[in-house]
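Each chain is listed here by its residues.
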Amino acid sequence: MKRTIIGFVISALVLLSLAIWAFRGHIAGNTQEIVMAAIVLVIVGFAVYIGISRLRSLQRHEPAEDELSKKVMLRASSLAYYISIYLWLFVMYISDKTTLEAHSLIGAGILGMAVVLLLCWIGVKMFGMKNE
Amino acid sequence: MNNRIKELRAKEGLSQLELAQLVGVRRETIVFLEKGKYNPSLRLAHDIAKHFRLPIESVFLFDDEEAGKQNP
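Protein sequences appear in the order of chains A and B. If you count the first sequence from 1, position 56 lands on 56 in the working numbering, and the numbers rise without skipping. Basically the working numbering = 1-based index in the second sequence + 1000.
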């Protein structure tokens, strides 16, 4: 329960930061910033989904987390780690070929890692972990 | 590895949620087990077999064992 609440609090803080960033006019409205904000919203949506599914489990008197959910996250994390190495190699490769500033590239890389983790989690959930 | 959880559960008239609650996991874990998308830990396999009052090897079947049964 404590972890679920922490997850909701972090999600709310991220949304609040994004809202403050947008309303103070720091979002110029160019495509790059809109894509980044959309990715943040997708990641927050994922966190909220996980939180809600944990709460539903508790309502049904099931454990919020069990061996399957832990293994899914472990497998998704290990896959995401390997893929992220190639993601950062790609970011390094395009850093010479783009006019983007270093902080934008790092931000894109970090958001990319979160998206990779989300996709790996969905993939592991879809295909399961037979014979592992 | 395959298993007979669905068959045994149906025999006892248990729902996935009820079995999940009895062995202390989420319903989703039972769904994954029945679909063969997940191999349980020894502890969970033991708990499920114990619930059905059967030895583990009667509930969980290895693919090579099944092939052996079909082609002795």
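It cannot be assumed that every hint is accurate.
Claimed, not checked - Derived DSBU-like pairs (lysine-lysine); straight-line CA-CA distance at most 30 Å:
#1 K125/A - K1006/B
#2 K97/A - K1050/B
#3 K71/A - K1035/B
#4 K70/A - K1035/B
#5 K125/A - K1037/B
#6 K1006/B - K71/A
#7 K70/A - K1006/B
#8 K130/A - K1011/B
To be verified - Coverage of chain B stretches by chain A, computed from C-beta distances (three or more under 8 Å per stretch; other residues unrestricted):
#9 1030 to 1042
#10 1046 to 1054
Derived from the structure by calculation, the hints contain no laboratory data. A quick note: this is a predicted structure, and the numbers were derived from the prediction, not measured. For every residue, glycine included, the Cβ atom is placed at its ideal position computed from N, Cα and C.
Q) With a Cβ-Cβ cutoff of 8 Å, does the segment 1030 to 1042 of chain B contain at least three residues near chain A? A) Answer holds; 8 residues pass the 8 Å Cβ test.
(Q) Hint check: K125/A vs K1006/B, CA-CA at most 30 Å. Holds or violated? (A) holds (20 Å)
Q.
Quick check: do three or more residues in the segment 1046 to 1054 of chain B have a beta carbon closer than 8 Å to a beta carbon of chain A?
A. violated (count 0)
Q) Holds or violated: are the alpha carbons of K70/A and K1035/B at most 30 Å from each other? A) holds (19 Å)
Q) Are the Cα positions of K70/A and K1006/B separated by 30 Å at most? A) Holds: K70/A and K1006/B sit about 23 Å apart, inside 30 Å.
Q | Holds or violated: K1006/B to K71/A, with C-alpha atoms at most 30 Å apart | A | holds (22 Å)
**Q.** Given pair status - K1037/B, K125/A, alpha carbons within 30 Å
**A.** holds (9 Å)
Q | Pair hint K130/A and K1011/B, alpha-carbon separation not exceeding 30 Å | A | holds (25 Å)
Q: Would you check the hint for K97/A and K1050/B, treating anything up to 30 Å between C-alpha atoms as holding?
A: The hint is violated at about 62 Å.
(Q) Just to be careful, I want the Cα atoms of K71/A and K1035/B compared with a cutoff of 30 Å; is the pair within it? (A) Judged against 30 Å, a Cα distance of about 17 Å means the pair holds.
The structure shown violates the earlier hints numbered 2 and 10.
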